[in-house]
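Enquirer: Protein chains in written order, with the UniProt record's numbering: chain A, 1 to 455; chain B, 1 to 182.
Be careful, since some hints might not be right.
[Said to hold, decoys possible] Straight-line distance between alpha carbons at most 25 angstroms, and here's what the computed SDA-like set of lysine to any residue pairs gives: (1) B/Lys59 x A/Glu194; (2) A/Lys280 x A/Lys337; (3) A/Lys359 x A/Arg284; (4) A/Lys152 x A/Thr120; (5) A/Lys359 x B/Arg127; (6) A/Lys337 x A/Glu105; (7) A/Lys337 x B/Glu117; (8) B/Lys59 x A/Asp75; (9) B/Lys59 x A/Phe28; (10) A/Lys359 x B/Ser67; (11) A/Lys359 x B/His167; (12) A/Lys152 x A/Glu205; (13) A/Lys359 x B/Ala69; (14) A/Lys337 x B/Ala135; (15) A/Lys359 x B/Ala81; (16) A/Lys359 x B/Glu117; (17) A/Lys359 x B/Asp76; (18) B/Lys59 x A/Pro115; (19) A/Lys359 x B/Asn48; (20) B/Lys59 x A/Ser111; (21) B/Lys59 x A/Gly125; (22) B/Lys59 x A/Glu268; (23) A/Lys152 x A/Glu58; (24) A/Lys359 x A/Asp411; (25) B/Lys59 x A/Arg95.
Just so you know, the hints here were simulated from the structure itself, not pulled from any lab data.
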Amino acid sequence: MTTVHPGTRTGGLDALLSRVRESLADGFLPLQVFNDADVYDAELERVFGRSWVFLAHETEIPNPGDYVLRRIGEDPFIVSRGNDGQIRAFFNSCRHRGTQVCRYEKGNSNSFRCPFHGWTYNNLGNLTGVPSRAQAYPQMDLADWSLHQAPKVDTYHGLVFACLDPEAVPLSEYIGDMGWYLDTNLLAHPDGLEVIGEPLRWNIEANWKLGAETFCGDSYHLQHLHRSVFEVGLVPQFRGKAETRRGLDVHVSECSGHATVIIRGPEEARIFWGSPDELKAQYRQGELSDAQFSLARRSIFQVGTVFPNFSFMHTSTAFSVGGVAGSYFIIRQWQPKGPNRVEAWNWTLVPRGLSEEAKQIAHRAALSQVGPSGNFEAEDSVVWEGITRVAGSAFARRIGAKLHYAMGLDDGSAQVMEDFEGPGTVYDTRLEDGVQRTLYRRWLQEISRGDGTAV
Amino acid sequence: MDSQLHGIEAADAARYGEHAAIRDFYSLEARLLDDNLLTDWLGLLHENVAYLVPNRTFKPLVEDDFSVASGVMVDDHDSVAAKVARYETLHAWSEDPPSMTRRFVTNVEIGVDPVSETPPGRAWTARTNVLVYHARRDQQPALISAGRRDVLVDGGNGLRVWRRLVHLDHNTLPVQDLAIFL
Numbered sequence: 001m002t003t004v005h006p007g008t009r010t011g012g013l014d015a016l017l018s019r020v021r022e023s024l025a026d027g028f029l030p031l032q033v034f035n036d037a038d039v040y041d042a043e044l045e046r047v048f049g050r051s052w053v054f055l056a057h058e059t060e061i062p063n064p065g066d067y068v069l070r071r072i073g074e075d076p077f078i079v080s081r082g083n084d085g086q087i088r089a090f091f092n093s094c095r096h097r098g099t100q101v102c103r104y105e106k107g108n109s110n111s112f113r114c115p116f117h118g119w120t121y122n123n124l125g126n127l128t129g130v131p132s133r134a135q136a137y138p139q140m141d142l143a144d145w146s147l148h149q150a151p152k153v154d155t156y157h158g159l160v161f162a163c164l165d166p167e168a169v170p171l172s173e174y175i176g177d178m179g180w181y182l183d184t185n186l187l188a189h190p191d192g193l194e195v196i197g198e199p200l201r202w203n204i205e206a207n208w209k210l211g212a213e214t215f216c217g218d219s220y221h222l223q224h225l226h227r228s229v230f231e232v233g234l235v236p237q238f239r240g241k242a243e244t245r246r247g248l249d250v251h252v253s254e255c256s257g258h259a260t261v262i263i264r265g266p267e268e269a270r271i272f273w274g275s276p277d278e279l280k281a282q283y284r285q286g287e288l289s290d291a292q293f294s295l296a297r298r299s300i301f302q303v304g305t306v307f308p309n310f311s312f313m314h315t316s317t318a319f320s321v322g323g324v325a326g327s328y329f330i331i332r333q334w335q336p337k338g339p340n341r342v343e344a345w346n347w348t349l350v351p352r353g354l355s356e357e358a359k360q361i362a363h364r365a366a367l368s369q370v371g372p373s374g375n376f377e378a379e380d381s382v383v384w385e386g387i388t389r390v391a392g393s394a395f396a397r398r399i400g401a402k403l404h405y406a407m408g409l410d411d412g413s414a415q416v417m418e419d420f421e422g423p424g425t426v427y428d429t430r431l432e433d434g435v436q437r438t439l440y441r442r443w444l445q446e447i448s449r450g451d452g453t454a455v
Numbered sequence: 001m002d003s004q005l006h007g008i009e010a011a012d013a014a015r016y017g018e019h020a021a022i023r024d025f026y027s028l029e030a031r032l033l034d035d036n037l038l039t040d041w042l043g044l045l046h047e048n049v050a051y052l053v054p055n056r057t058f059k060p061l062v063e064d065d066f067s068v069a070s071g072v073m074v075d076d077h078d079s080v081a082a083k084v085a086r087y088e089t090l091h092a093w094s095e096d097p098p099s100m101t102r103r104f105v106t107n108v109e110i111g112v113d114p115v116s117e118t119p120p121g122r123a124w125t126a127r128t129n130v131l132v133y134h135a136r137r138d139q140q141p142a143l144i145s146a147g148r149r150d151v152l153v154d155g156g157n158g159l160r161v162w163r164r165l166v167h168l169d170h171n172t173l174p175v176q177d178l179a180i181f182l
C-alpha cells in the first residue's frame, strides 16, 4: 500500500524536515530534498546564511587592491585585499540605490565606482566620492555609507572563507577536526600552495548537494560510473574495483560535520598523492605531526567536503594512455543557483615555485580528469541531473520516495578504526555511506535551526 | 591591415581557391564530429596538435580575459586520443546515447593572424566562428558559441589542424560537460 506524503508545497518545510529526520536515522533520505523551492529558500537563509563559505584562495589576490567577485549562497560579494593588506568581503551593491559597484570578475583597483550615479568607494569599503555632493547632500556624513560587508572573513592556510552570521564560531573551530586532514594537503609542501589562473566554471542542472555529497566520498560509484576511465588505462595506480583494502582505504565521517575519504599505500610507501619524484623530494613534515606527515606520504587519493559546499580532491592520473601521470590538488565550490541548478567552480592548486613544466603537467592532469571535459567528471554531472529531475517530480513527492544511504550502517560491514591516528569516526572500508550521511546530518541540523523544531 | 579593411583585392583572387578548400575542410570536420565519427576526426589533427580552450574571466582589459594557464581544455594528440578512446568504450555513460550536436562554422577568414611558431611545412592561419547546438537526451539544449584561431598545415593527403585556440563566448560554460570537441 502506498502512503501519500505531502510535499512542501502542501505540507510545508517542517513536515519534510521531520521526514528527513526519521529517514536519516535508518540511512534513507527523501528524494525531494534535491529539488524543492522551499528547501532551497531555507538553505539560502539557514545554511549559506550561517555557515563559513569558501570564497577564494589568497594567491588569487596577492597584492593590495586585488579583488575577485564571488558569491555566498547566491549573494554577490567583492573579495578585496585593501590597500592596508586586509581581505574583506563587500556586498556588491551600492549603498545609494543598490546596483553592483564592481562588474569585473577579477582586477586591481583603488576604488569601486557605481555606474548609476557615480558613488565611489575605496578598497577599504569607505564611501569616498559622491557627485555633486555639496549641492545634493550638504549634510551627508560619508562614514555612514560604507559598503556593507560580510561580518566575518578569515583564512585557513590560504583558503579564504566568509560567514554572514556575526554569532558564528571562529573559522578554525568551524573546520574543527577536518583541519587535521586538510592540513596534510595544505601544509606538506614547505612553500605553500598557489592557484593556477582563474577558477573554471560550468553550469550543471543539478542540486548543489549532489556534488558536495559525491566529494564526501561516494567511493562506490567509481567502479561503475567511471569504468571507462579505468578501462582505457588512465589510472594505472588505482584499481577500478571497489574491493576495499580494509584499513588502507578509509572513510572519515562525522569530522566536525565534514567528511573525507583516504586511500593509502602500505606503511613505508612514499606516494604523496602520486607526485613525481621531483616533487616528492620537496615535501617536508614542517608543521605537521608525525601521523599527519605519514598520512601525506602514504596517500594515493584524498577527497572531501567541508560543509556546506567546499570540496577538494588530491590524487594523480595520466592524461594520455601510457603517458606520464601528473598529481593534482583541486579545490571546488558547489555554487548554488536554484533548487535544480549549480555552478561548479574549480581551482587547481600547486606548490608555490613549482617549475612551469611541472605546473603544466599538474594542470593538464587535473583538467583531463575533473572539470567539464574531464574524463572522470563528464560522467558525474549526468547522473546528478537525472537525480535532480526526478526529485522535482509530483510522483516522488506523492509516494515519499526515499534514497538508500544505508551502506555499512548497523550490519557490521564497516568497522570503526579505534586506533586510527586522525580524528572523526573512521571506518576501515570505502564501502559505506557514513561519509555522505555526515553531510545530511549536518545539513539537517543547520536547516532545522530557526524553524522551531528540536533537532 | 589596410587590405583587410578595404576588402579583398583582385590580386587576392588566387587565394579564393585556398579559401574554398579550407571551408570544405571545416565542413568535413564539423560533419565527422556531428556524426560522432571521432576516430576519423582524430585523423584530421596533426600529430603535434595543440588544442587549447582557454578559461574566460571578465577583467578590466578585454585582452586579458582569456587564460590558457587555466584552460578549459589543454590537449595534445595523445590526450585527445585518450578522450576518444574513452568515449568509444561501452561505458562512457554521459555519451550513451551520444549528444546530438550540430556545428555551424562560419566567417572563415584566412591570414588574419601571422603564423607565430614554425609549422611543419606549408601552413595557413584561419579564424572561424563556431556555434554548436548541443542536446542530450531530455535535457534542455544549449548553444556554445566561440571564435576559433587555427593553424592548418598540409598533411600530405589533406589539411591537418596543427594549432587550435578556441575563444569561448562564455565565462561560465552553459553545459554540464564539454564531452565534445569544438
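Enquirer: The structure should be examined with respect to each hint, and the outcome stated for every one.
Expert: Going through the hints against the structure:
1. As the CA atoms of B/Lys59 and A/Glu194 are separated by approximately 20 angstroms, the hinted pair is consistent with the 25 angstroms bound.
2. Distance hint between A/Lys280 and A/Lys337 is unfulfilled; the C-alpha atoms sit about 39 angstroms from each other, more than 25 angstroms.
3. Pair hint A/Lys359 plus A/Arg284 holds up; C-alpha atoms about 19 angstroms apart against a cutoff of 25 angstroms.
4. Taking the CA atoms of A/Lys152 and A/Thr120, the gap is about 23 angstroms. The hint holds against a cut of 25 angstroms.
5. Restraint check for A/Lys359 and B/Arg127: not satisfied, since their Cα atoms lie roughly 30 angstroms apart, outside the 25 angstroms limit.
6. For the given pair, A/Lys337 sits about 17 angstroms from A/Glu105 by alpha-carbon distance, which is consistent with the 25 angstroms threshold.
7. At most 25 angstroms may separate the alpha-carbon atoms for a hinted pair to count; A/Lys337 and B/Glu117 exceed this at roughly 42 angstroms.
8. Restraint check: the Cα-Cα separation between B/Lys59 and A/Asp75 comes to about 20 angstroms, which is no more than 25 angstroms; the hinted pair holds.
9. Taken as a hint, the B/Lys59 and A/Phe28 pair is broken in the structure, with Cα atoms around 45 angstroms apart against an allowance of 25 angstroms.
10. Distance check on the hinted pair: A/Lys359 and B/Ser67 sit about 15 angstroms apart at the alpha-carbon level, within 25 angstroms; holds.
11. Between A/Lys359 and B/His167 the alpha-carbon distance is near 22 angstroms, which keeps this suggested pair within the 25 angstroms criterion.
12. A C-alpha spacing of about 31 angstroms is found between A/Lys152 and A/Glu205, which places the hinted pair above 25 angstroms, so the restraint is violated.
13. A threshold of 25 angstroms between alpha carbons decides the hint, and for A/Lys359 with B/Ala69 the separation of about 9 angstroms falls inside it, so the pair holds.
14. Taken as a hint, the A/Lys337 and B/Ala135 pair is honoured in the structure, with Cα atoms around 21 angstroms apart against an allowance of 25 angstroms.
15. Using a Cα cut-off of 25 angstroms, the hinted pair A/Lys359 and B/Ala81 holds, with the two alpha carbons roughly 22 angstroms apart.
16. At most 25 angstroms may separate the alpha-carbon atoms for a hinted pair to count; A/Lys359 and B/Glu117 meet this at roughly 22 angstroms.
17. Taking the CA atoms of A/Lys359 and B/Asp76, the gap is near 16 angstroms; set against the 25 angstroms cutoff, the hint holds.
18. Distance check on the hinted pair: B/Lys59 and A/Pro115 sit about 16 angstroms apart at the alpha-carbon level, within 25 angstroms; holds.
19. Between the alpha carbons of A/Lys359 and B/Asn48 the distance comes to roughly 21 angstroms, so the proposed pair stays at or under 25 angstroms and holds.
20. For the given pair, B/Lys59 sits about 15 angstroms from A/Ser111 by alpha-carbon distance, which is consistent with the 25 angstroms threshold.
21. Under the criterion of a C-alpha separation no larger than 25 angstroms, the hint pairing B/Lys59 with A/Gly125 is consistent with the structure, at around 20 angstroms.
22. Between B/Lys59 and A/Glu268 the alpha-carbon distance is near 48 angstroms, which puts this suggested pair outside the 25 angstroms criterion.
23. For the suggested pair A/Lys152 and A/Glu58, the alpha carbons sit about 16 angstroms apart, so the restraint of at most 25 angstroms is met.
24. Under the criterion of a C-alpha separation no larger than 25 angstroms, the hint pairing A/Lys359 with A/Asp411 is inconsistent with the structure, at around 45 angstroms.
25. For the hint linking B/Lys59 to A/Arg95, the alpha-carbon distance of about 24 angstroms falls within 25 angstroms, and the restraint holds.
Of the hints listed earlier, those the structure fails to meet are numbers 2, 5, 7, 9, 12, 22 and 24, in rising order.
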